[in-house]
Amino acid sequence: MPAERRPGTDHEHHEWSPISTRGKLSWPNNARVALCVIVTLEHTEWQPPNDGFNSAASGGVGVRPFPDYPRYSHRDYGHRVGIFRVLDLLERLGIKPTVVMDTQTVQGYPYLVQHCLGRGCEIIGHGESASQMISGDMSLEQETEFIRSAIDVLKKATGSAPKGWFGTDYGESERTPDILAQLGISYVCDWVNDEQPYEMKDGLFALPTMLELDDQFTMSNRRVTIDRYAQMLKDGFDVMYRDGAENGRLLAINIHPWLSGQPFRIGYLEEALGHMMGHDGVWAASGSEIIDWYRSNMPV
Amino acid sequence: MSLPPLRVDYSPIIERPPIKWPNGERVALWISPNVEHYEYMPIQDGPRNPWPRTAYPDVQQYSYRDYGNRVGFWRMLEVLDQHKVRCCVSLNMAVLEHFPEICKAMVDRDWDYMSHGIYNTRYLYDYPEEREREFYQDNINTLKRHTGKQLKGMLGPAISGTDRTPDLMAEAGLIYHTDWMHDDQPVPINVKSGKLISVPYSIELNDSALFRLNYEADYFVDMCKRQFDQLYKEGAESGRVMCIALHPFLIGQPHRIKFLDEILSYIKSFDNVWHTTADEIAEYYIENYYDQAVSHAQQFKA
Numbered sequence: 006m007p008a009e010r011r012p013g014t015d016h017e018h019h020e021w022s023p024i025s026t027r028g029k030l031s032w033p034n035n036a037r038v039a040l041c042v043i044v045t046l047e048h049t050e051w052q053p054p055n056d057g058f059n060s061a062a063s064g065g066v067g068v069r070p071f072p073d074y075p076r077y078s079h080r081d082y083g084h085r086v087g088i089f090r091v092l093d094l095l096e097r098l099g100i101k102p103t104v105v106m107d108t109q110t111v112q113g114y115p116y117l118v119q120h121c122l123g124r125g126c127e128i129i130g131h132g133e134s135a136s137q138m139i140s141g142d143m144s145l146e147q148e149t150e151f152i153r154s155a156i157d158v159l160k161k162a163t164g165s166a167p168k169g170w171f172g173t174d175y176g177e178s179e180r181t182p183d184i185l186a187q188l189g190i191s192y193v194c195d196w197v198n199d200e201q202p203y204e205m206k207d208g209l210f211a212l213p214t215m216l217e218l219d220d221q222f223t224m225s226n227r228r229v230t231i232d233r234y235a236q237m238l239k240d241g242f243d244v245m246y247r248d249g250a251e252n253g254r255l256l257a258i259n260i261h262p263w264l265s266g267q268p269f270r271i272g273y274l275e276e277a278l279g280h281m282m283g284h285d286g287v288w289a290a291s292g293s294e295i296i297d298w299y300r301s302n303m304p305v
Numbered sequence: 052m053s054l055p056p057l058r059v060d061y062s063p064i065i066e067r068p069p070i071k072w073p074n075g076e077r078v079a080l081w082i083s084p085n086v087e088h089y090e091y092m093p094i095q096d097g098p099r100n101p102w103p104r105t106a107y108p109d110v111q112q113y114s115y116r117d118y119g120n121r122v123g124f125w126r127m128l129e130v131l132d133q134h135k136v137r138c139c140v141s142l143n144m145a146v147l148e149h150f151p152e153i154c155k156a157m158v159d160r161d162w163d164y165m166s167h168g169i170y171n172t173r174y175l176y177d178y179p180e181e182r183e184r185e186f187y188q189d190n191i192n193t194l195k196r197h198t199g200k201q202l203k204g205m206l207g208p209a210i211s212g213t214d215r216t217p218d219l220m221a222e223a224g225l226i227y228h229t230d231w232m233h234d235d236q237p238v239p240i241n242v243k244s245g246k247l248i249s250v251p252y253s254i255e256l257n258d259s260a261l262f263r264l265n266y267e268a269d270y271f272v273d274m275c276k277r278q279f280d281q282l283y284k285e286g287a288e289s290g291r292v293m294c295i296a297l298h299p300f301l302i303g304q305p306h307r308i309k310f311l312d313e314i315l316s317y318i319k320s321f322d323n324v325w326h327t328t329a330d331e332i333a334e335y336y337i338e339n340y341y342d343q344a345v346s347h348a349q350q351f352k353a
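Residue numbers (my numbering), protein chains in the order written: chain R, 6 to 305; chain L, 52 to 353.
Isolated chain R (complex conformation) (with noise of 0.2 angstroms):
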């Protein structure tokens, strides 16, 4: 449906509210910065489904046809390679991750899912695989299966059932939200459109990553250098950190492994993170942690 023309957003979601008008929002210590790191681990499938979803972000070569060696193989470094390096550094960091995790990298890598939750990583859940977005072409059968099925798939992997969602590719029809509430997840990251959490319906909050801080929109949709990416990743925290002071911000960051975990890259990554975490008042949580505190501390 067309928007109406009346006061409020144009669905039903959530609530309209300008941050300006907000009552203010405390962090655990008064921090002024609530810092979450998401780890993204999504498998680029050998042969993608005809139907699938053709990602731009593609890497620096483009899309191939197939067997399109460069571009699987390109995405499997993360598994392979990057996801270590990044975990290393936000373990240095004392940053606990937020690791998304769609089916194919579940069951096709058990390694890693015991090796994040060895490392006390929050895992989430994302989908089926990195060519398979959530689309309102989808029926609501269908997408009921397709989100109900990775939950089960990482909550039998992991012995417990994901809290947070994050989407392929940020992929949502008009039906995700009341889906994702109905199946029991706290928390959805697909919105971008805030510096701190909100309230959506029926026990689901958005946690709102901050898109133009996504490496792979940044680096491999924009083509941003890593040199500026850093730049922005710095410059972003600095004017939320003194806007923080009033009213605390959420500073959610999407990485993704075969991007930043790349040797030329991470050196940047820890340059940015690390002047995150030189100063006071942070608080560098999980996304869970983050839902769970905002609920309860939610401001009037």
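Don't take every hint at face value.
[What the hints assert, rightly or not] Calculated lysine-lysine pairs in the PhoX-like style (CA-CA distance at most 25 angstroms, straight line):
no., chain 1, residue 1, chain 2, residue 2
1, R, Lys29, L, Lys155
2, R, Lys29, L, Lys309
3, L, Lys309, R, Lys239
[To be verified] DEER-style ranges, computed between Cβ atoms:
no., chain 1, residue 1, chain 2, residue 2, range
4, R, Asp207, L, Val158, 33 to 43 angstroms
5, L, Lys246, R, Glu20, 38 to 48 angstroms
6, L, Phe321, R, Val68, 41 to 51 angstroms
[To be verified] With the Cβ distance kept under 10 angstroms, some of the chain L side facing chain R (calculated, not the full set):
no., residue
7, Tyr107
8, Tyr113
9, Tyr115
10, Arg116
11, Phe124
12, Arg126
13, Lys309
14, Phe310
In case anyone wonders, no lab produced these hints; they're calculated from the structure. Note that CB positions come from ideal geometry on N, CA and C, so glycine has one too.
Since the structure of chain R is already known, use the hints to place chain L on it.
Positioned in the frame of chain R, the structure of chain L alone reads:
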């Protein structure tokens, strides 16, 4: 000579009688934030697909832009207030209806407004004549109702239009159209009735053009400074117009906002700049230069 669509008479800038701004300023500077709303579930009505990435909705792209209204606008406003900038907004009129806090913030600052359509996901391309006429009345009435101001100009919704657009704008009483990226000064646009001019907007000094590509805000600063320096130099002979086009969802990002401050600080360090709006530029130009420009251009006709 004039080339199709015969809307603008050719007039080389080096031959034109000089333009003097009201107090002899060299550059008329206007800042144009695009205050927009993109629909969650638009209807594709014409050749352009509002959300081409996926079946609707595109939550990533929708919420990216929604960020502008929830967060970015307010951060941008702090910097504009520090520099006492009175903007000429490129406004999706439905913002006035959806987001009363934004409406109030703009009205409190006595900003000017040009229409940027109703929503940024509703384009003019396939509008029949009568529907386009109604569109202008809707824009005029909505702006008047919420801000008390009379609509004077338009940047088409997402810079869309029809062949008839300039005629119908003029018929509705509008005086300027900013879809034309063709000049550093206002120039007359030929219309069936009334008077219409173009006022230079910019698709280059425009965060939305830059930041979808691999340019970042340090480069934007450099572009704006160089643009200003060159126009300031040329403006000693004949007044120039400079527009900086902004989008709150882009310039209001935390990693970018200091660069807006840098641009405005630089320009504010110069005298002889007319800090103004497109409304004021258009009225001044029509009052003082429109007739002269029309007759002067006759000599260049083929």
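Quick rundown of the hints versus the structure:
At most 25 angstroms may separate the alpha-carbon atoms for a hinted pair to count; Lys29 of chain R and Lys155 of chain L meet this at roughly 22 angstroms. Distance hint between Lys29 of chain R and Lys309 of chain L is fulfilled; the C-alpha atoms sit about 24 angstroms from each other, no more than 25 angstroms. The straight-line distance between the Cα atoms of Lys309 of chain L and Lys239 of chain R is roughly 12 angstroms, inside the 25 angstroms bound, and the hint therefore holds. Taken as a hint, the range 33 to 43 angstroms holds for the pair Asp207 of chain R and Val158 of chain L, whose Cβ atoms sit roughly 37 angstroms apart.
Hint check: Lys246 of chain L to Glu20 of chain R, Cβ distance near 45 angstroms, so the stated range 38 to 48 angstroms holds. Between Phe321 of chain L and Val68 of chain R the Cβ separation comes to about 49 angstroms, which falls inside the hinted range of 41 to 51 angstroms. The restraint placing Tyr107 of chain L at the interface with chain R holds, with a minimum CB-CB distance near 5 angstroms, inside the 10 angstroms limit. The beta carbon of Tyr113 of chain L comes within 8 angstroms of a beta carbon in chain R, closer than 10 angstroms, and the hint placing it at the interface holds.
Taken as an interface hint, Tyr115 of chain L checks out: its beta carbon lies about 5 angstroms from the nearest beta carbon of chain R, inside 10 angstroms. Checking Arg116 of chain L against chain R: minimum C-beta separation of about 8 angstroms stays under 10 angstroms; hint holds. With 10 angstroms as the threshold, the beta carbon of Phe124 of chain L comes within range of chain R, its nearest partner Cβ sitting at about 7 angstroms, so the hint holds. Proximity of Arg126 of chain L to chain R holds as hinted, the smallest CB-CB distance being about 8 angstroms (cut-off 10 angstroms).
Interface hint status for Lys309 of chain L: upheld, as the beta-carbon distance to the closest one in chain R is roughly 7 angstroms, under 10 angstroms. Because the beta carbon of Phe310 of chain L sits about 9 angstroms from the nearest beta carbon in chain R, less than 10 angstroms, this interface hint is met.
Hint violations for this structure: none, all hints satisfied.
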